[in-house]
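Chemist: Residue numbers (numbering that gives the first Met the number 0), protein chains in the order written: chain A, 0 to 152; chain B, 0 to 289.
Hints were generated in silico from the structure; no laboratory data involved.
Remember, it's a predicted structure, so these values are computed and weren't measured experimentally.
Where is the CB? At the ideal position from N, CA and C, for every residue including glycine.
Warning: the hint list may mix true and false statements.
Said to hold, decoys possible - Some residues of chain A that are not near chain B, with every Cβ distance over 12 Å (derived):
id : residue
1  : D11
2  : I12
3  : D20
4  : C41
5  : N95
6  : C100
7  : S131
8  : T138
9  : G142
Claimed, not checked - Stretch by stretch, here's where chain A covers chain B in the computed footprint (C-beta under 8 Å, at least three residues):
id : stretch
10 : 3-10
11 : 105-113
12 : 185-198
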Amino acid sequence: MAEHPITVTVNDIEYQRSVPDRLTLADFLREKLRLTGTHLGCEHGVCGACTVIVDGAAVRSCLMLAVQADGCQVETVEGLAEGPELNPLQQAFQRNYALQCGFCTAGFLMSVTAALRDGPVTTDTEARDVLSGNICRCTGYTGLVKAVLEASE
Amino acid sequence: MKPAPFTYHVPRSLPEALDLLAEHGDDAKVLAGGQSLMPMLNFRLAQIEHLVDINRIGAEHATPRVDGATITIPALARQRQIERNAEIVAALPLLGAALHQVAHPQIRNRGTICGSLAHADPAAELPTVLSVVDATFTLASARGVRTVDVAEFFQFYFTTALEPDELLLQVDIRKPAPGTVTVFREFATRRGDFALGAIAATCRFDASGTVVDTRIAAAGVSATPLRLTAVEQLVTGTDLNPEVLAAAADATSASVEPTGDIHASADYRRRLTATLLRRTLAAAKEEHHG
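The following block holds chain A by itself, in its conformation from the complex (with noise of 0.2 Å):
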């Protein structure tokens, strides 16, 4: 099986390593780049925990595969963080219990963190929209709405 050679932005930092046709982006992240941070649930694109923003658009990194990656910008849920600092929206998580095991979390975050790019998000309707494209198994949709709409104030 073919490799090819692959240049990628993962949160800044740049990495050329050679991936087979078959890794998908999610696998690349987590076994080439060792980026745990993102999580595979589903792996076909219903559970949203491995989603990450590639050129600036929240995508399934299970969907994509390495290859396509190549010469993109990709920001995952470790690039997120101000050195020690948690950021805003990962705060307003803490504040309102947004998360219970944490399994679901990243794929949150970074769907929400494309979404307030776009703009504010003021009603809960509008939240729970920006929410619908991932799941929570464990502790329900009230905190994260709750902390999505602290983190866009």
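Take the given structure of chain A and dock chain B to it, following the hints.
Modeler: Showing chain B alone in chain A's frame:
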């Protein structure tokens, strides 16, 4: 690694992509947005020898345009890009309304219009929308280019007029005639889930509020998006009064043969489709009266 082994190709031009499809044909699949194909590869429901990634064949294949009465959506135009294109959404509000109900932004950021059409899931929104407008599908191969209309394009579940060496290069959609009202209604158990039922309709009224022309299609009740021709005939020439709407809903129930699954029984889906039909026509009447 989830997918079974394949050889990845990334052509840098359309002719190069078409040559690869000519060479590998039956053993190859085209990768555009990957939002349907990648899950199938990850599940190994699809196992292929060659993957032809068209994402780098050129920006001209990613740029939609409106030229007079024609909206052209090329192979690589993302769903998100179309829903945010004010000119296209103004020209065909039906497309914007349907796109908001296609999965989630994270999916629409990658997913293409042409990819969804080529995938041809009869329960999906976009094939249903394309069934109620005048549209031309341009199919390209190394042998040349040909065009087909919607009735010819969608053939069966996940089956289109595309030959193994062909690529859906673009769709050209004619703007509906001035004064045409368009409505899209669907029901899904959760936001962004696959619809349990959906109706797309275009409806042109005369000055007195009488329907002079209409096209109506239902999703998820047949092997392809289903034009409800009996319902169209029934409501044409009427003012969509409550008696007509009730009769149209009954005619819809009689026209569709959905299959049941874990999410909803066949009978539920039939009643749902009839209800959505009634709501769609009521919304069209209301929008016409404005």
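Chemist: Hint by hint, which ones does the structure fall short of?
Modeler: Failing hints, ascending: 3, 4, 7.
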